[in-house]
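Take a look at the letters that make up each chain.
6 protein chains.
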Amino acid sequence: MGKIVYATRRERFNAAHKLWHDEWDHAKNVEMFGKCSNPNWHGHNYELFVTIKGEPSEETGYCMDLKHLRDIVEKYVTSKLDHKNLNLDVDFMKGVKTSTENLAIKIWEQLEPHINQTGCKLHCIRITETENQAVEYFGGE
Amino acid sequence: MGKIVYATRRERFNAAHKLWHDEWDHAKNVEMFGKCSNPNWHGHNYELFVTIKGEPSEETGYCMDLKHLRDIVEKYVTSKLDHKNLNLDVDFMKGVKTSTENLAIKIWEQLEPHINQTGCKLHCIRITETENQAVEYFGGE
Amino acid sequence: MGKIVYATRRERFNAAHKLWHDEWDHAKNVEMFGKCSNPNWHGHNYELFVTIKGEPSEETGYCMDLKHLRDIVEKYVTSKLDHKNLNLDVDFMKGVKTSTENLAIKIWEQLEPHINQTGCKLHCIRITETENQAVEYFGGE
Amino acid sequence: MGKIVYATRRERFNAAHKLWHDEWDHAKNVEMFGKCSNPNWHGHNYELFVTIKGEPSEETGYCMDLKHLRDIVEKYVTSKLDHKNLNLDVDFMKGVKTSTENLAIKIWEQLEPHINQTGCKLHCIRITETENQAVEYFGGE
Amino acid sequence: MGKIVYATRRERFNAAHKLWHDEWDHAKNVEMFGKCSNPNWHGHNYELFVTIKGEPSEETGYCMDLKHLRDIVEKYVTSKLDHKNLNLDVDFMKGVKTSTENLAIKIWEQLEPHINQTGCKLHCIRITETENQAVEYFGGE
Amino acid sequence: MGKIVYATRRERFNAAHKLWHDEWDHAKNVEMFGKCSNPNWHGHNYELFVTIKGEPSEETGYCMDLKHLRDIVEKYVTSKLDHKNLNLDVDFMKGVKTSTENLAIKIWEQLEPHINQTGCKLHCIRITETENQAVEYFGGE
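Chains as they are written, first to last, in our numbering: chain A, 40 to 180; chain B, 40 to 180; chain C, 40 to 180; chain D, 40 to 180; chain E, 40 to 180; chain F, 40 to 180.
Isolated chain A, as found in the complex (with noise of 0.2 angstroms):
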């Protein structure tokens, strides 16, 4: 039987956003998302840790090169995030509120077919927002 390890590759993106409700008022809208409903955006250095789970290939020793994971990120979340408005310009992200919450359900879905295709499994995505907040997602159960 083989011998799973998790890996984890950090990548960083520096984006702006805001959270608001456009059905709502603006006197609702400070009531509910407070300083985050600046309507002229503020914004973050994002971290984003990426786990993917698997076995060292005997011929390697990696569960799977650290620097293709890197490039999968790069190309489908980082390159689209990274010196964006994260609630104007990314595809992915339309229709849902921007909070981190939702930006690691989104990028798991994003991630999750090209890492899958691998042999290994994408296992956690994890985002901080600040040195206080930070969010995991593991697919949803």
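No wet-lab data here; the hints were simulated from the structure. One or more hints might be untrue.
[Unchecked claim] Keeping only pairs whose Cα atoms sit at most 25 angstroms apart, straight-line, the calculated SDA-like set for lysine to any residue is:
(1) A:114 to C:73
(2) D:106 to B:71
(3) B:114 to E:66
(4) E:106 to F:69
(5) E:74 to C:107
(6) D:92 to B:163
(7) D:67 to A:157
(8) F:42 to C:149
(9) F:119 to E:100
(10) C:42 to C:88
(11) D:106 to B:59
(12) F:106 to C:70
With chain A's structure known, arrange chains B, C, D, E and F on it following the hints.
Leaving out everything else, chains B, C, D, E and F in the frame of chain A:
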């Protein structure tokens, strides 16, 4: 079926404590607890990570407003610990050794009833005591 | 003669901005500012380190109560920057590019008169924009 | 029923290594391992996090005295890795590629018998190789 | 002419303290020192950065063997501070408030004669008390 | 008169090295360099902080485009150091001990002519070798 996301809030508190067993003499306390038994106390900058789990609301994108989580943690835990003596000043630590392990268990017991009223569930209490030592408690199982 | 000590308080703010010159067309802005010129903004978790210098009081051991410094920084700087758009929302940034360099100069100008009333002197404004980039300003010399 | 707590001790070691397959020529090694195949080695500041689980003792409040855990890790692992060449100097790495994945598996195998004698159980070996890459091993499942 | 290099060694100590003026009543102490006046103490994980300057030796490439600096700091400073009460247990802190400012001045006074015997000069004592507060002392000027 | 701002770019490199004097025997090398004399090398994740100073341009708000600084550092320094052996692979380290002190001096000498052509001046080379040890070089004075 829903999509469960884990969200973590970090809080900090600076406190004094010692590890000491009244029924042991000084030599036995030193043998068992080393430097941590200094009679005049020592102290730490503790970091507390509270992780809850739940489904993001469609309206807000949040599992739970982390400002609300912060207020619960402040009210029931960090206001009682910050700039205090864990052995002398903290009602919920009476009768147990002030190890980081016990601190995690007791903080869980303080927070669980209040967090579980919000629709989310408490998942993990993590405390770092120094950069080299940390504990996690998931409710005991 | 006295013993001068330097004391530093860290504050944080999360803001949106872009680097953009109205008199340049889009291509020239991209050439000069790269990803930082994204029209829909991007953002950062900025860290601000304010360093003052002075002699510790015999009575308190403090150069200056850092809670008082925190209040000055909050009132004149971070309340105006946190969860804001540096280009649109900040009175003291009007008319200058929102580079980290200019942000440091303008924060110095905001704080110096208030800090120098306390008996201490402002020594340094340090801002980290990302983990890879930081600036320091010591009043210009 | 008991209350299981997880406790983690961090240790550090600085080591040289390369990723290299003797049966491959230089070009194939570069293709597979990139910069990590430099014949004259390169190196890292590795961080090792050893997590054990157990019930806190009523007497001490500890799952396990982490100074004892530190001594076990020092004796069986870090004294053999620190300021060493992972390919040439380390008995327990003979015959496997010195990837971080394999390092985690082999450290687990070194530590598990000694930790499981203490009444606690080894839960996780986590190694960070750089700020962007980390692996975790939980015994293989 | 020589090439002066600055070298820094970090050490850590965990200690209890309070800020308290015996000649003031409880209310005045709280007014002046806030939470730091808790009668039963609080504590911190202090980080101490000792910076020396000198010319690297041609033979070793070192200004000073930092293991030797570590031993000096351990002997004269951290062994007296770690897991101690700064108000009660530390000979060189008698008679002054245990502010971080005073701690930096007193550590300088402890170390300077011993470091200046090595051919290098003490340049800076930096202490971080929390992630938000730090002081530096350069000998007073 | 102008307003001088200091700007810092961080780069990283992972390298192998040893401290070793060919004219000394093994015992003397161990006595002088301790674990750093391991014949089969060891290694580090070095962090390099390059600080330049200059006046922000009115047009861009930059002292110097830090992407340009990054390119200079990459071309003349980190491409020669990353995933290399400091003793064997690096042209500009020939003939000197590979201490962090000498590394800082030699990196200064590599960068100064190229940075001083940009209108800014090189101010400081800072290198961290481990979380406990760092050096700074300001050009020698």
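Open item on the list: Check whether the Cα positions of residue 67 of chain D and residue 157 of chain A lie no farther apart than 25 angstroms.
Closed with: holds (20 angstroms)
Open item on the list: Does residue 71 of chain B sit within 25 angstroms of residue 106 of chain D, going by the straight-line distance between their CA atoms?
Closed with: Holds, at roughly 11 angstroms.
Open item on the list: Tell me if the straight-line CA distance from residue 74 of chain E to residue 107 of chain C falls inside 25 angstroms.
Closed with: holds (14 angstroms)
Open item on the list: Hint check: residue 106 of chain E vs residue 69 of chain F, CA-CA at most 25 angstroms. Holds or violated?
Closed with: Given that 25 angstroms is the threshold and the Cα spacing comes to 13 angstroms, the pair holds.
Task: Distance restraint between residue 42 of chain C and residue 88 of chain C, which requires alpha-carbon spacing of 25 angstroms or less - done: OK: residue 42 of chain C and residue 88 of chain C at ~22 angstroms, within 25 angstroms.
- [ ] Take the C-alpha atoms of residue 92 of chain D and residue 163 of chain B, compute the straight-line distance between them, and say whether it is at most 25 angstroms.
- [x] Given pair residue 92 of chain D, residue 163 of chain B holds - Cα atoms ~14 angstroms apart, limit 25 angstroms.
Task: Hint consistency between residue 42 of chain F and residue 149 of chain C [alpha-carbon to alpha-carbon, up to 25 angstroms] - done: The hint holds at about 15 angstroms.
Task: Pair hint outcome, residue 114 of chain B versus residue 66 of chain E [Cα-Cα no greater than 25 angstroms] - done: Measuring from Cα to Cα gives roughly 24 angstroms; hence the hint holds.
TODO: Take the C-alpha atoms of residue 106 of chain F and residue 70 of chain C, compute the straight-line distance between them, and say whether it is at most 25 angstroms.
DONE: holds (12 angstroms)
Task: Given hint residue 73 of chain C paired with residue 114 of chain A - CA-CA distance at most 25 angstroms - done: Judged against 25 angstroms, a Cα distance of about 18 angstroms means the pair holds.
Open item on the list: Next pair to validate is residue 106 of chain D with residue 59 of chain B; report whether the Cα-Cα distance is within 25 angstroms.
Closed with: holds (17 angstroms)
Open item on the list: Can you confirm whether the C-alpha distance between residue 119 of chain F and residue 100 of chain E stays at or below 25 angstroms?
Closed with: Given pair residue 119 of chain F, residue 100 of chain E holds - Cα atoms ~20 angstroms apart, limit 25 angstroms.
When held up to the earlier numbered hints, the structure conflicts with none and fits them all.
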